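The primary structure of each chain is shown beneath.
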Amino acid sequence: MNGKSVVVTGIATALSGVDGPADLAGGRPARPGAADPADALTGRGLRYADRATKLALCAARDALESAGLLAGGAVPEESTGVVVSSNYGNVDTFCDTVDAITRDTYLGTSPMRLPATASNVTASAVAIRFRLRGANVTLCNGPTSGIDAVHWARVLVAASRVERVLVIGVEPANRQVESLSGVPGHDLMDGAAGLVVESEAAARSRRAEVLAELGPYSRRADWAESVATVLPGGPGQVDLWCTPGGVDPGPRAVVDAAAHLDVTRLLGECSGALGVVQCVAGTAWLADGGGTVLATAGRGAPDDDAASAITLSRAGGRR
Amino acid sequence: MSWLITGTGAVSSIGGTVADMFDALRAGRSGVAPHRGFDPGRFRARNAYEIDDRPVGVLDAPGRTTNWLVEAIDQAVRDAGLDDRLDDVPILVGTTQREMRSVELHWRDGVPLDPRDAHFGTALSRRFGAGATYTVGNACAASLYALGLATDLLDLDAADTVVVAGADTITESIYGLLDRCYPLPPDAVRPFDRNRRGMIQGDGAAAVVLQRDAPGRGARTRLRGVEVNCDAVHPSAPDTGNIACTMRQAHARAGLHPRDVDLILLHGTGTVLNDDAEAEAVGEVFAGVDPFPRTTAIKSMTGHTAGASGLHSLITAVESLRTSTVTPTVGVDDPIEAVSGLRLVRDRAERAELAVAQVNSFGFGGLNAVALVEEVRG
Chain A
1 MNGKSVVVTG IATALSGVDG PADLAGGRPA RPGAADPADA LTGRGLRYAD
51 RATKLALCAA RDALESAGLL AGGAVPEEST GVVVSSNYGN VDTFCDTVDA
101 ITRDTYLGTS PMRLPATASN VTASAVAIRF RLRGANVTLC NGPTSGIDAV
151 HWARVLVAAS RVERVLVIGV EPANRQVESL SGVPGHDLMD GAAGLVVESE
201 AAARSRRAEV LAELGPYSRR ADWAESVATV LPGGPGQVDL WCTPGGVDPG
251 PRAVVDAAAH LDVTRLLGEC SGALGVVQCV AGTAWLADGG GTVLATAGRG
301 APDDDAASAI TLSRAGGRR
Chain B
1 MSWLITGTGA VSSIGGTVAD MFDALRAGRS GVAPHRGFDP GRFRARNAYE
51 IDDRPVGVLD APGRTTNWLV EAIDQAVRDA GLDDRLDDVP ILVGTTQREM
101 RSVELHWRDG VPLDPRDAHF GTALSRRFGA GATYTVGNAC AASLYALGLA
151 TDLLDLDAAD TVVVAGADTI TESIYGLLDR CYPLPPDAVR PFDRNRRGMI
201 QGDGAAAVVL QRDAPGRGAR TRLRGVEVNC DAVHPSAPDT GNIACTMRQA
251 HARAGLHPRD VDLILLHGTG TVLNDDAEAE AVGEVFAGVD PFPRTTAIKS
301 MTGHTAGASG LHSLITAVES LRTSTVTPTV GVDDPIEAVS GLRLVRDRAE
351 RAELAVAQVN SFGFGGLNAV ALVEEVRG
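For the protein sequence lines, the chains are A and B, in the order given.
Position 281 of the first sequence, counting from 1, maps to 281 under the numbering used here, and the rest follow consecutively.
Position 317 of the second sequence, counting from 1, maps to 317 under the numbering used here, and the rest follow consecutively.
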């Protein structure tokens, strides 16, 4: 990857019972029974939007706001892209539609659900609402998808296709996702997280606060290899390790971390949203003191097809 | 900056290899037939462009999209003379529906499905040892969009070789929804015909091996550039102005002028909205170019292969450059006014000297991808 510095300038969550990224960084579990962020969403185009899209729109709005991109006018349209990560976002549309066909033939289907059969329905809705006309990418990449989305956002910026990318990780919890994933509903995350990834030069020119700088990234079939690639100094020391869900960090001695954070213990199984949630939590954590954060998602062979890893560090003195 | 296409692979309703598919396209042979994967009593529509490789005695089976994807990549990798261990080679897969047909069968019919097999990466890891695999769910523009992302990886020195693929099957949900949406079910895809009734889905997968330009790399085709963007206007309707803008930006990115383009592989879905918008945009961008580039579209033969369709068109362009042959658009009996100046090749293949081809691919959500390829001479 070329030397262009790519930084994080905005973070947000749309998770019931979580007030914001600092809650995740502090390891505070979601409060049960809290309001659903999607309930407060208003505006056009929501009537037929699926749950993943509504959650993503909440996180998108707050991430752009956090990056200072909504104040004083519209977001720079052509120079802003969107990358959305989700594995289960539109599973309900397919399941409901085949049910309707079985019950009432093709006449029982709802034409308004046709757009949601395309996996990019959420990324498209985010682009339309905020008029983001740059490259628009949807990643459905299994357990590593969220970290991979942050990587592709950086690629789009580094390759100068855009100056910044709004990255959203989102998963809905519903019985269709339960059926496919085999995870009980109460153990599934239902929400979204968002971050704005931007070239450092663009952030500086609009005097945005730089929250973190993105470090090396890797996706490899083998977990240890993936981590070793992003910690080139050898068995690495990091200040915070955001672990893949349900992994006991003890035996994974390749990382020497001062602190651990398993966001799935706070939110449930995060699937395609995991890496974005981790990067949002990690960025918030850096605000309290700095250092280096390692985020890893997917456990690699033989459990998963691969494992992804990325580091974030405090961008000191770069405001 | 430009890159080499060193290998291609394809499967579709009209052939299980690039050679077979191109022969069928050249002959104007269509893959349309009565659909065989769904209970016909639940639909008014009858036809589809299927690869009917289901096991005997089963109406439909899971995992077929993944199988075609692996087959297309295998062909492309062998064509490029690469080892089939792709540990260090990124693989990008463009798709609209991923393995959602398998999800439908699991949900409704209780067909067993390991959730890991709903994700293409699992099979790519198993078959090719690949770790850096990415499924890009960018609707019907997905595989050409992924090709653009691949050029960025090469451009940034993050890879030397990238495999780009596309794969999709016909889900019952989309088949039923289209049947519900169209006033009359289309019997076939008729791009740019006044009496077109809409698109019909097609099964298939496609793959290319994309490499940095280096001495000794035999390649017939060079990729000059891929432009991608998003209309950010409407969830399903295309935007003529932005399609035109994407083409102009693609030309600028490739360092080419509209007069350099000899052939345009149109997206051409046979829907009212796409064909009007695309034809108008092409007419506008290439206005005054004389002779006008030849134009054609493949979907009346392959059906709309969704996420794979961009690469199916690109591979057709590669073969057209190699053989100096423009494949015909069949099923156009009464062309719309907007294509009257477009030099659409109909009914019969044409021989032509071709150096540069443009490939259009558009998708739901206002996604646009336009690529330019040229023949490597000498």
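Since the hints were made in silico from the structure, they are not lab data.
Accuracy of the hints is not assured; some may be wrong.
Derived Cβ-Cβ restraints for the label pairs, each shown as a range [to be verified]:
1. B:Asp53 to A:Asp256: 48 to 56 Å
2. A:Glu78 to B:Cys181: 26 to 34 Å
3. A:Asp303 to B:Asp160: 24 to 32 Å
4. B:Gln249 to A:Pro29: 29 to 37 Å
5. B:Asp160 to A:Arg206: 45 to 53 Å
6. A:Val254 to B:Asp83: 52 to 60 Å
7. B:Leu59 to A:Gly291: 37 to 45 Å
Note that the structure is a prediction, hence the values are computed from the model and not measured.
Think of the CB as a built atom: it goes at the ideal place given N, C-alpha and C, for glycine as much as any other residue.
Practice task
Please name the hints from earlier in the document that this structure breaks, with their numbers sorted from lowest to highest.
Solution key: Numbers 4, 5, 6, 7 - these are the hints that the structure violates, sorted from lowest upward.
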